Amino acid sequence: MSRRLQTIFFPAATGALVIAAWYTIHALLSEDLRFLLPTPTAVMTAFRTHADSLTRAALNTTQGALLGFALAVTVSSFLALALSLSRLVRIGLYPYLMILQMTPVIVFAPMLVVWVGAGLKSVTIITFLICFFPLVVNTTQGLISTDRNLVELFAMWRTSRLQQVLYLRVPAALPYFFTGLRIAATLAPIGALVGDYTAGSSAGDGGGLGFQAIIYSSQAKYAALFATAATTCILGFIFTAGVLSLSWLVLHKWHDSYETTDK
Amino acid sequence: MSRRLQTIFFPAATGALVIAAWYTIHALLSEDLRFLLPTPTAVMTAFRTHADSLTRAALNTTQGALLGFALAVTVSSFLALALSLSRLVRIGLYPYLMILQMTPVIVFAPMLVVWVGAGLKSVTIITFLICFFPLVVNTTQGLISTDRNLVELFAMWRTSRLQQVLYLRVPAALPYFFTGLRIAATLAPIGALVGDYTAGSSAGDGGGLGFQAIIYSSQAKYAALFATAATTCILGFIFTAGVLSLSWLVLHKWHDSYETTDK
Amino acid sequence: MPALLPPIVEFREATKRFGEGPLVLDLLNLTVQPGEFVSLIGPSGCGKSTLLRLIAGLTPLTAGSLIVDRRSPDAAAADLAFVFQEPTLLPWLSVAANIELPLSLRGVAPAERSVTRRRVLDLVRLSEKANAYPRQLSGGQKMRVSIARALALSPKILLLDEPFGALDEMTREHLNEELLTIRERHAWTAFFVTHSVAEAVFLSNRICIFSANPGHLYTEIPVPFPYPRTEATRRSRPFHDLVADVSRILRSVEPDTV
Amino acid sequence: MPALLPPIVEFREATKRFGEGPLVLDLLNLTVQPGEFVSLIGPSGCGKSTLLRLIAGLTPLTAGSLIVDRRSPDAAAADLAFVFQEPTLLPWLSVAANIELPLSLRGVAPAERSVTRRRVLDLVRLSEKANAYPRQLSGGQKMRVSIARALALSPKILLLDEPFGALDEMTREHLNEELLTIRERHAWTAFFVTHSVAEAVFLSNRICIFSANPGHLYTEIPVPFPYPRTEATRRSRPFHDLVADVSRILRSVEPDTV
Amino acid sequence: TAPAKISVQLDWVPEPEHGGLYQALARGFFREEGLDVTLLPGGPGAQVMPSVATGKVDIAQADSTATLLQQAEGLPFVQFVAVFQDDPSGILVHADSPVRTFADLNGQTIIARPGWPFLKFLVEKYHLKINEVPQNFSVAAFLGNKQALQQGYFIAEPHHITQAGGKPPRFLSTWDAGFRAYAVLITNKRFARERPAELRAFTRAYLRGWQDYLEGDPTPAHTALKKAHAPNTDAFLAFSRQAIIAEKLVTGRDVRSGPKNIGRLEAARYAEQIAQLEALGLLAKGKLNPATAFTAEFLP
Ligand SMILES: Nc1ncnc2c1ncn2[C@@H]1O[C@H](COP(=O)(O)OP(=O)(O)OP(=O)(O)O)[C@@H](O)[C@H]1O
Ligand SMILES: Nc1ncnc2c1ncn2[C@@H]1O[C@H](COP(=O)(O)OP(=O)(O)OP(=O)(O)O)[C@@H](O)[C@H]1O
Ligand SMILES: [Mg+2]
Ligand SMILES: [Mg+2]
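Residue numbers (the working numbering), protein chains in the order written: chain A, 50 to 312; chain B, 50 to 312; chain C, 787 to 1044; chain D, 787 to 1044; chain E, 7 to 306.
Simulated from the structure, these hints should not be mistaken for lab results. Keep in mind that the hints are not guaranteed to be accurate.
Said to hold, decoys possible - List of simulated lysine-lysine pairs, DSS-like, C-alpha gap at most 30 Å:
id, chain 1, residue 1, chain 2, residue 2
1, E, Lys135, A, Lys170
2, E, Lys195, B, Lys170
3, E, Lys291, A, Lys170
Unchecked claim - Stretch by stretch, here's where chain D covers chain A in the computed footprint (C-beta under 8 Å, at least three residues):
id, stretch
4, 190 to 201
5, 206 to 213
Stated by the list, open to error - The following residues of chain A were derived to be distant from chain D, with all beta-carbon distances above 10 Å:
id, residue
6, Ala62
7, Thr88
8, Phe96
9, Tyr216
10, Pro220
11, Ala221
12, Ser267
13, His304
Bear in mind that the values here come from a model prediction, so they are computed numbers and not experimental data. Note that the Cβ used here is the ideal one computed from N, Cα and C, for glycine as well.
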């Protein structure tokens, strides 16, 4: 089987298994529990019934997810650079980054809503808060794990600290960075969803996927709730596909995590 | 300044800056917004006033956080091993792990509460769901990034796949694993908190920190809410301190992210 | 040479290229009997390391056939040891642990392991570095650990890729002699890549001279001196003559091929 | 030798140990004039690489003093190039980019960079690998790229740590001669670690012989042959005599110190 | 015979809206009926509805609107007794806000749980354009913004707002808009079918509990409420109980108001609410009728 075919076949096979298991569990559930796990068919139907609102909500959430993701990547890159430059900055700043990550959204949300207003801005900020930490940690670890021999090479060249970072530490950190990026790509849509139901806004077009999820959940529309979750997942897949392609482009020629074709 | 002293001094210095900024912002806020950002003094007072319930809640959340974290580490390690063993497993399973990470808790929560019951078990599971993904991604990346020369060495020895994994890939993946662990250690308390307020139970002893957070928030007790958040952060620091010590123990002798003292 | 035994390594019309790249080894024919000590010599990039990697089964042939110990290279070679051109130590293990690892992977008992480890560390004169980590070693020391690790395995086929390149002459000669001594006890077959003609002549009973672009076996030269060879061999007239001969041939191969 | 100039490198009572480890270099006194070509030779682990790293400012002295180009080693050395014992290439850059990188870091214009790159790649005979990535190179090829990269810098002080150890004799001799040719144009000072006595004699005007445990400078031997040296020098009687002398001294140093 | 066990899932942490239950429990009314009742405190993640639907708990408190919507999705609930004759969820308005009537809501931002049917009702009825922002159990956004309007529980939030230093807010109530939802207790249909006698006994004791809580000494309930949820203060409990009494939430606002009215459910009002929800497009037409939504058979 060609690699391309495999890439389609194996997830599909697992998917078939999952769906089979899903139907089986559904069938095994006692009657009064079934509503909690609507069948894939029911979810597909819900997709069609609610296509309009789901599309609208998905577009809405995508904006927040994209902006928050972009913000997280930018900010975390700069932060990671700062952290990698000195152990003192690291021990001085790291605890406060942790605090940012650990403070429950419920504490920030009211302030956000009061200060920047509910809606896209707040959703973006919450997405950012959820995404940035794995990025910072991974990128920093990458930046400080540079091969010591190469660090000495640059020390030899008496490069500026900045040059060392740009031409050595940054490329060497790419495998770690992309690992963080993969985590963040998965967190972005779910972050936007959380942001949406803590500080979103229905202004204009009726809110994002987080709004929908709460509404469907409160109305016991479980099939629609599952469809909403599936939409979030699709968003995440698109983000991840982007990250994986970029990672392949940048790393496959030289990094040991990609096999060479020339065996 | 000795290294030990630095390790205390620099975070403390940043802390002083943060607290100064905090007071300043508080003072700059218009009177009717000040309640959103209670002063550190107010938070300290709240700590004392609510000491009992906070301690009880913290213990409660710690249980869920610890169990969920332990579960995440265990499950993710096995998953990462499976994923690293073959590209096919990787492309077959990865999307489904992403789904697990991306499905909003609001979808799982009713099922969890109905099946395993509100309380510790549900909180543990939600913590697990929130922690495991960064661990899987990092550990897998570590396991597939092994230096190709070393892989050939093991190939030479005709070791079993298992031996290769245990004696080569696992130790080589440790820097990545610990990076994931550091992220997960930060996510665990916040995960338990989220779990607590989506599927916690106030039955018995009044719920964990998530529960407290919501109650304080709904009663506009902001100082107490901040104290709750601070408690979560303290939990996270304890987790992280554990992970950092372990990481130092395991890595400092050989990994390039730790400087040698023998320059 | 025991001609009745089946060859332990046999290349037939073997060709190798990486991906779409140029030919690296072209139409190689080479038959080696058990117990032979074969030196490979030739310009940088002519495919010597690649040849060893083929025998070790680390990379597949592009065309032709290769038989190792009567099997395909993958299937053979529980009894194979490879000293790579680079030291290839596990950075997280001490020198002692690096040497013992392949033994413990084969289920050798701890007591026996530590005896072997001590023996080979003594042999490469690194006993006092047993507890050091690789990053605390000099270049030559790392290489010697790598050699010790391979010797500890008492393999049937030993692949040595410029093992002594980073070593001073004395250490090198010492190890040359040790290699021959050990060989008297275990009759392994050796493939030995070197850039030192004298070393090749001293150690081997056959020298394969390669030329590059594409790499191919230019000629084979038998070395007739009987074993055991000693300091005396090294100082003998025929030895010097053969070294001169081989050097000459090598020079004739190289100029326009490098 | 221009004795009036201040020395370019001067060790005084220099001592080095790593952390709490044993002494690596003991009471070293060494003065080198601008334009000298100094070879360092001695057993594995005697501190040759460490000495070069000290000059380069990559590791600090434990005691004593070291002056490089009239400054401390940290402050000096914009004009220093180091060929490490291991190739140390950036795995994410092609051969060409690896060579051009230090030039572009110094702000050399692209056009000039690519001229230089072509020149040095030609010199090490690797022009056809310009677009390969390090992991596609043989051991010797990687080392040659590393040498080319250092030469591209036209440094004032060149530190070479066994640069030719992984190379076949022909390539090695070719590069020896190239090194001397380039040196006629740029009068850099060279510190050259090698295990080949003949190479040391051919290239340098002074040979420092080190002994180990702890590493110290056992003796210095001046090499009186005038430059330019050629194939003829290599074949001359005095050359052979000196090589023999140095080898003898080296042997006398080593046995109980290795 | 051993007393029959019945579990009741509260919709939020124990507060005076559960006063009837706690008074009945504390005074032993349930025991007198031969019942062993357990009250399960709720909270943000209580998953009240799924728990009843799956029979994990026997009875739960909810509001009639949400229950109707979920019944329409096929969840097997039956509403069997009223907690409040009118659901005290409404819109909190700052004391000095220019918003005085429902029509004034036009163009405003309202902090509410996404999908709050009452809001949709207002939008349709008064032809409003409003912006909805999610509410998360918090009054901060309301306190922090003088223009803010927020969904709130009339018998709780005003107290928290004044405690936090705000002026007592005004309140736009659902009943004034003609949106007559109940707060109710619901049970699983199967439970109602299989254990009607116990349900009837439960209802009797429950109604007695409310009457005693409102007319008699609330101390037994308040003691129990403080025990069940430590943050309950005497001031809050008193405030909340007073609000319940003043707005006649339990006894009913209309002419028939009085102790006899406690717990009563009326087909006419269900019919009206179903019609309203159908008109809003929240309920499919004809999917529900009052008879399937509630039953009065367990009321005395
Ligand atoms: N980072 C380090 N920490 C501790 N010991 C070290 C370190 N680097 C080198 N050494 C020790 O210092 C001594 C000298 O090392 P050095 O690399 O200078 O030797 P060398 O002369 O270059 O040897 P070789 O010819 O094998 O390359 C060795 O014994 C080595 O083990
Ligand atoms: N993975 C690879 N992909 C592409 N080309 C490769 C790869 N490995 C080696 N080559 C090429 O194959 C040729 C032979 O390489 P090999 O390592 O066998 O040379 P060698 O004889 O060992 O040289 P040296 O003496 O320099 O170690 C070289 O030209 C090299 O560039
Ligand atoms: Mg090679
Ligand atoms: Mg060295």
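According to the definition I'm using, a residue is off the interface if its beta carbon is farther than 10 Å from all beta carbons of the partner; does A:Ser267 meet that for chain D? Correct as stated: the minimum Cβ-Cβ distance to chain D is 52 Å, above 10 Å.
Hinted pair, alpha-carbon criterion (30 Å max): E:Lys135, A:Lys170. Please report holds or violated. Since the Cα atoms of E:Lys135 and A:Lys170 sit roughly 22 Å apart, the hinted pair holds (cutoff 30 Å).
Beyond 10 Å on every Cβ pair: is that true for A:Ala62 relative to chain D? Holds, since 33 Å exceeds 10 Å.
Take a quick look at A:Ala221 and tell me if its Cβ sits farther than 10 Å from every Cβ on chain D, holds or violated. The claim is violated: A:Ala221 sits with its nearest Cβ about 8 Å from chain D, within 10 Å.
Checking a non-interface call: every C-beta of chain D should be farther than 10 Å from the C-beta of A:Thr88. Is that right? Given that every Cβ of chain D is farther than 10 Å from that of A:Thr88, nearest at about 49 Å, it holds.
Check whether the Cα positions of E:Lys195 and B:Lys170 lie no farther apart than 30 Å. OK: E:Lys195 and B:Lys170 at ~29 Å, within 30 Å.
10 Å Cβ clearance of A:His304 from chain D: Since the minimum Cβ distance to chain D is about 7 Å, A:His304 lies within 10 Å and the statement is violated.
Tell me if chain D covers the stretch 190 to 201 of chain A under the three-residue, 8 Å CB rule, please? holds (count 3)
A:Tyr216 remote from chain D - nearest C-beta pair above 10 Å: The claim breaks: A:Tyr216 does not keep its Cβ more than 10 Å from every Cβ of chain D (closest is about 7 Å).
Given hint A:Lys170 paired with E:Lys291 - CA-CA distance at most 30 Å: violated, 39 Å
Beyond 10 Å from every chain D Cβ: check whether that's true for A:Phe96. Per Cβ check, A:Phe96 is outside 10 Å of chain D; nearest 43 Å; holds.
Does the claim that A:Pro220 lies off the interface hold, with its Cβ farther than 10 Å from every Cβ of chain D? A:Pro220 not clear of chain D: closest Cβ-Cβ about 5 Å, inside 10 Å.
When held up to the earlier numbered hints, the structure conflicts with 3, 9, 10, 11 and 13 and fits the remainder.
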